[in-house]
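Please work from the sequences and hints to get the whole structure.
Residue strings, one per chain:
Protein chains: 2
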Amino acid sequence: MRLAVLALLAALPGIALADPLPSWNETDAKARIIAFVDGVTDTDSDTYVTPADRIAVFDNDGTLWGEQPVYFQFLFAVDRLKEMAAADPSVLTSDVLRAAAAGDMEKIAAAGTDGLLEIVSTTHSGMSVEAFQADVRDWLDTATHPETGMAYDAMIYQPMLELLSYLRDQGFTTWIVSGGGLHFIRVFSEDAYNIPPPQVVGTTGNATYDVIDGVPTVLKDPGIFFLDDKAGKPVAIDARIGKRPILAAGNSDGDFEMLEWTTAGEGPRLGLLVHHTDAEREWAYDRESHVGRLDRGLDEAEARGWLLVDMAEDWARVWPAGAAAR
Amino acid sequence: MRLAVLALLAALPGIALADPLPSWNETDAKARIIAFVDGVTDTDSDTYVTPADRIAVFDNDGTLWGEQPVYFQFLFAVDRLKEMAAADPSVLTSDVLRAAAAGDMEKIAAAGTDGLLEIVSTTHSGMSVEAFQADVRDWLDTATHPETGMAYDAMIYQPMLELLSYLRDQGFTTWIVSGGGLHFIRVFSEDAYNIPPPQVVGTTGNATYDVIDGVPTVLKDPGIFFLDDKAGKPVAIDARIGKRPILAAGNSDGDFEMLEWTTAGEGPRLGLLVHHTDAEREWAYDRESHVGRLDRGLDEAEARGWLLVDMAEDWARVWPAGAAAR
Chain A
1 MRLAVLALLA ALPGIALADP LPSWNETDAK ARIIAFVDGV TDTDSDTYVT
51 PADRIAVFDN DGTLWGEQPV YFQFLFAVDR LKEMAAADPS VLTSDVLRAA
101 AAGDMEKIAA AGTDGLLEIV STTHSGMSVE AFQADVRDWL DTATHPETGM
151 AYDAMIYQPM LELLSYLRDQ GFTTWIVSGG GLHFIRVFSE DAYNIPPPQV
201 VGTTGNATYD VIDGVPTVLK DPGIFFLDDK AGKPVAIDAR IGKRPILAAG
251 NSDGDFEMLE WTTAGEGPRL GLLVHHTDAE REWAYDRESH VGRLDRGLDE
301 AEARGWLLVD MAEDWARVWP AGAAAR
Chain B
1 MRLAVLALLA ALPGIALADP LPSWNETDAK ARIIAFVDGV TDTDSDTYVT
51 PADRIAVFDN DGTLWGEQPV YFQFLFAVDR LKEMAAADPS VLTSDVLRAA
101 AAGDMEKIAA AGTDGLLEIV STTHSGMSVE AFQADVRDWL DTATHPETGM
151 AYDAMIYQPM LELLSYLRDQ GFTTWIVSGG GLHFIRVFSE DAYNIPPPQV
201 VGTTGNATYD VIDGVPTVLK DPGIFFLDDK AGKPVAIDAR IGKRPILAAG
251 NSDGDFEMLE WTTAGEGPRL GLLVHHTDAE REWAYDRESH VGRLDRGLDE
301 AEARGWLLVD MAEDWARVWP AGAAAR
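These protein sequences, in sequence, are chains A and B.
In terms of our numbering, the first sequence has 40 at position 40, counting the first letter as 1, and numbering is strictly consecutive.
In terms of our numbering, the second sequence has 193 at position 193, counting the first letter as 1, and numbering is strictly consecutive.
The hints are simulated quantities; they were obtained by calculation from the structure and are not laboratory data.
We treat Cβ as the ideally placed atom computed from N, Cα and C, and that holds for glycine.
Some clues are possibly wrong.
[Said to hold, decoys possible] DSSO-like cross-link-like pairs, simulated, lysine-lysine; straight-line CA separation at most 30 Å:
{"#": "1", "chain 1": "B", "residue 1": "Lys243", "chain 2": "B", "residue 2": "Lys230"}
{"#": "2", "chain 1": "A", "residue 1": "Lys107", "chain 2": "A", "residue 2": "Lys243"}
{"#": "3", "chain 1": "A", "residue 1": "Lys243", "chain 2": "A", "residue 2": "Lys230"}
{"#": "4", "chain 1": "B", "residue 1": "Lys230", "chain 2": "B", "residue 2": "Lys107"}
{"#": "5", "chain 1": "B", "residue 1": "Lys107", "chain 2": "A", "residue 2": "Lys243"}
{"#": "6", "chain 1": "B", "residue 1": "Lys107", "chain 2": "B", "residue 2": "Lys82"}
{"#": "7", "chain 1": "A", "residue 1": "Lys243", "chain 2": "B", "residue 2": "Lys243"}
{"#": "8", "chain 1": "B", "residue 1": "Lys243", "chain 2": "A", "residue 2": "Lys230"}
{"#": "9", "chain 1": "A", "residue 1": "Lys107", "chain 2": "A", "residue 2": "Lys82"}
[Stated by the list, open to error] Facing chain B, a subset of chain A residues (Cβ under 8 Å, in silico):
{"#": "10", "residue": "Pro197"}
{"#": "11", "residue": "Lys243"}
{"#": "12", "residue": "Gly305"}
[As the list claims (entries may be wrong)] If you want a taste of the chain A side facing chain B, the calculated C-beta under 10 Å gives, among others:
{"#": "13", "residue": "Val49"}
{"#": "14", "residue": "Ala52"}
{"#": "15", "residue": "Arg98"}
{"#": "16", "residue": "Ala101"}
{"#": "17", "residue": "Ala102"}
{"#": "18", "residue": "Leu161"}
{"#": "19", "residue": "Asp210"}
{"#": "20", "residue": "Thr217"}
{"#": "21", "residue": "Gly232"}
{"#": "22", "residue": "Asp238"}
{"#": "23", "residue": "Thr263"}
{"#": "24", "residue": "Gly265"}
{"#": "25", "residue": "Ala324"}
Laid out in structure tokens, this is it:
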């Protein structure tokens with residue numbers, strides 16, 4: 001069926017089949033992705049998968065957009081905390097909050113995940129979802145990355161945008177499954193990736209519903225309700241999507257269980273890890289990085305049949321055309 | 001635009017516009033639903049809503065299928081508990097579990113929501129999601145309702161099925177937002193309502209991911225992670241859908257906050273409550289019922305502009321054609 005269509009198109013003068021992944025070099029990585037998609041979409045293939053089951057899940061930080069020198073959401077949180085502390089210094093109730101407001105990144109790094117979550121929780125609560133998202137929108141519209149000078153939501157990976165579009169064109173539903181915040185990601189996911197709010201899965205804070213001064217409101221409360229990382233990712237995918245994906249893409253050991261669960265399913269599966277090897281155009285990091293650490297995944301990818309994408313080798317470009325310092 | 005299409009169709013011999021809601025009587029309820037849908041889909045209307053924002057949420061028990069004499073999921077849980085106790089009586093660790101295994105409904109009712117959740121939690125954990133859902137499938141394929149003799153998943157309301165189809169035909173996305181169990185509802189929601197797994201929101205048990213004997217597995221654990229009822233419903237809709245619906249349908253005070261939040265949004269909104277008034281074809285209950293209690297909603301529906309659907313008056317039929325005792 002597909003071959004017949006290809007033959008027909010080839011026979012028509014002036015119609016060329018467009019390359020669905022123009023920002024990918026002609027390496028094995030691109031060939032494996034296209035072979036996988038061909039296999040699950042060709043109705044004559046043994047590996048055909050019905051469109052309703054063509055679920056593809058993508059990590060966000062380091063997979064769809066940058067994550068150096070530190071998760072962008074964390075930079076937002078620190079900017080917010082500084083504003084909050086300027087208005088009312090009593091919000092700085094702990095050493096890690098004081099360190100964050102002072103921009104002491106070493107002290108924050110030493111506080112680990114718990115410190116990071118405390119900073120996020122403090123700055124992402126006590127307001128309605130709408131008010132929070134308006135803050136994020138303002139920040140994205142004005143803040144610039146400390147090294148590239150670009151807007152954060154311009155630091156998205158062109159090859160991955162093409163992969164998302166290609167998959168959707170081939171009948172896939174694309175989801176984000178991120179350790180980052182659900183409400184944070186939704187502010188830009190539709191514009192940046194064409195992924196609408198219901199298809200964003202992320203870390204979720206506590207929330208309550210209340211009628212405040214007569215206005216029914218969903219409020220963001222302190223504390224983390226669900227941490228969508230590591231073994232949390234398969235749990236969240238089951239709860240949110242209710243089907244096991246056939247394609248999972250990540251870049252760190254936080255994505256290990258998501259890839260493990262996805263690729264353990266029956267039939268054709270693709271696990272993909274973006275390996276940050278490109279110090280020139282982006283950053284080079286893996287086993288020793290404090291963000292996006294990739295260690296076990298690097299050891300086990302080959303034996304597990306996961307595709308390790310070498311950013312320097314496999315990508316013809318990193319950022320979208322026209323991306324530049326603000 | 002819409003009028004032009006209507007005129008064109010009317011002019012074509014042999015083409016009649018099909019009634020989208022044939023099982024609804026020609027009462028105000030039907031007229032209000034159609035006027036609402038016309039208003040949000042007519043591109044020339046001030047109340048036009050873009051398809052991406054045409055989100056409609058439906059409660060399940062008592063709104064899409066029956067809930068008397070007690071929630072069907074609870075009857076499944078009791079049947080499961082009896083099987084479990086026959087295999088190993090030591091599972092009956094409390095008075096309410098012993099009462100449930102003995103079929104002592106009065107004692108169970110006296111234990112209230114906590115007792116019900118204990119019974120559900122005990123019978124819905126300690127297995128993979130797949131194994132649980134296979135159990136539910138078996139039960140639905142064999143069990144019969146104690147009063148109607150029908151299969152439980154045949155006890156769905158034909159008028160509501162038509163409403164779901166009509167909305168989808170008009171560009172809406174239809175979601176279930178239920179106090180019932182997420183994994184339970186997904187077993188039949190696609191066949192019964194044409195609502196796929198990602199569009200089911202429900203009460204969620206604790207879960208973990210683990211590799212068991214080499215098999216990556218999402219396990220159902222004891223305990224309730226999120227109770228999707230009352231004020232939980234707007235919180236869950238925000239987390240799962242990320243947009244405020246424009247239509248919400250329920251039948252009990254457990255749906256009050258969902259309707260309140262939905263109808264408080266800007267622009268056209270429809271809140272709908274199914275009022276069980278039909279002792280002859282179904283059941284008649286509201287303020288005093290131990291399931292699907294409708295009290296505050298009944299008092300406030302009119303002032304809030306919510307549509308109170310009178311099952312006896314507004315519905316030409318209750319069950320689908322061909323529905324009969326097994």
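Worksheet item: Which numbered hints does this structure break?
Response: Failing hints, ascending: 2, 5, 12, 13, 15, 16, 17, 18 and 25.
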